[in-house]
Every structure is written in structure tokens, then in C-alpha cells.
Amino acid sequence: AQSVTQLGSHVSVSEGALVLLRCNYSSSVPPYLFWYVQYPNQGLQLLLKYTSAATLVKGINGFEAEFKKSETSFHLTKPSAHMSDAAEYFCAVSSSGYSTLTFGKGTMLLVSP
Amino acid sequence: DAGVIQSPRHEVTEMGQEVTLRCKPISGHDYLFWYRQTMMRGLELLIYFNNNVPIDDSGMPEDRFSAKMPNASFSTLKIQPSEPRDSAVYFCASSSTGVLNTGELFFGEGSRLTVL
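As given, the protein sequences belong to chains A and B, one line each in that order. Per my numbering, the first sequence starts with residue 1, numbered consecutively. Per my numbering, the second sequence starts with residue 1001, numbered consecutively.
It cannot be assumed that every hint is accurate.
Computed spacing ranges between beta-carbons, pair by pair [unchecked claim]:
hint: 1; chain 1: A; residue 1: 12; chain 2: B; residue 2: 1062; range: 36 to 42 Å
hint: 2; chain 1: B; residue 1: 1028; chain 2: A; residue 2: 41; range: 38 to 44 Å
hint: 3; chain 1: A; residue 1: 1; chain 2: B; residue 2: 1097; range: 23 to 29 Å
Worth flagging that the hints you see were computed from the coordinates, not collected in a lab. Each residue gets a CB set at the ideal place from its N, CA and C atoms; glycine is no exception.
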């Protein structure tokens, strides 16, 4: 069984501030982990993914995430928020090898000027 | 390149009516997924197909929901009869075997359903 917990349904930051979105997972086997982003009235798009290579993963738009097995975490960060980062972010997990994705409930990122 | 195409983008209907949502996956993709998104439940996987064959429909909420994939380029999700609690955004996503085991799904823009 696999599951994802995203801490905080809403996160507010000022433009230029650090973005930190938290994700913890559970998986009975080594996981594949993902962050997806959803802009208003759009579908989800892949931001970055961890598939057992480097533990620090870099994605699009300056985002990165670090896989920490000991903490079962895969937090998403960006050093400096931009207004265009305002969106909903979803963490997801799948078991290594083929399986379907399990999504977290999402975190809405709000960026103020 | 065309992405996953869904129609209609918005649908407003009355309780008891039949609703049909449509999806055209990315050409060459052999997996197709239907998800439902609500504020209360988040993203839920309803059903997925591989090579047009339904593989897992355990997420389909009840018999009022049905999905078909008659060919590699088209799928439908039907709700009959519809109820207000079916109001949600329904997403179709596709992927190919080569990348699916690393989880990359390509989503359509969704169909927002409102049942009055």
C-alpha cells in the first residue's frame, strides 16, 4: 500500500521568499516520487520526479526536491518565489516498477507582492 | 504536438440526466486514465485502460458510472443517471509503457461537471 500526506492545504509566501511545500509518503517498496503542478483551470503537469537516481532532483521553473528515505519525505523547494508560481502542487507516489500513482490532496501556493 | 484533448470543458446538467465525457489521448500512448477531482476527496483514480482494455475499475464509485475505450484514440466516461454529488472536474490522462513505470502522466485540461 502506498500513501502521500501533504502538510498544509495552503501556503502563503511573499514574492522573493523561499518556497517550501512538504510531502511525506509511505510505501512498502522503494518508491518513485513526483511533484505535479496545476494552474487554474488546467490539468496537472509534471514538475519533477525521483526514480532512485540522485536524491536531489531538479525540475522546471527553478523547483527542486530532495528524497530523504530516513524521513520518508520529498519536500519541494524554490529559493525565490515568483508571482507566476501561484498554483496548486501535488505530491504523488508509485511503487518501483509499474503501478498507478497515488496523489496527495494538494497544497495551494499563494504568492503576494 | 497535441496533448490530451477532453470535451466538453464545461457541462451543466440536471439531476437524472445522462452525461458523457470524452477523451482523446496523445497519439502512441497505450495507457489511459480517468480521474475525478473534488475539494473534499482530492484526485481520485476512477479507471484505467491499457491497449484499450480496462485494467482496474475499482475506483468507479458505483454502477451509474461506466467507461469505454473503443479504440486507441478515444475514450468515454458516462454517468447515468447523474446526481449532484457527481459534480467535479474529471480529468483524462495518458501515458506510454516506456515512461509509465516512472509515473509520468500527461493530463488533459479537464471537464468541469455541475449537476443541479
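Query raised in the report: When you take the CB atoms of residue 1 (chain A) and residue 1097 (chain B), is the distance between them in 23 to 29 Å?
Result: Distance hint for residue 1 (chain A), residue 1097 (chain B) holds at roughly 24 Å.
Requested in this report: Could you say whether the range 36 to 42 Å given as a hint is met by the Cβ separation of residue 12 (chain A) and residue 1062 (chain B)?
Outcome: holds, 38 Å
Query raised in the report: Is it true that the C-beta distance of residue 1028 (chain B) to residue 41 (chain A) lies inside 38 to 44 Å, as the hint says?
Result: Cβ of residue 1028 (chain B) to Cβ of residue 41 (chain A): about 27 Å, so the range 38 to 44 Å is violated.
Checked against the numbered hints given earlier, the structure breaks only hint 2 and satisfies all the rest.
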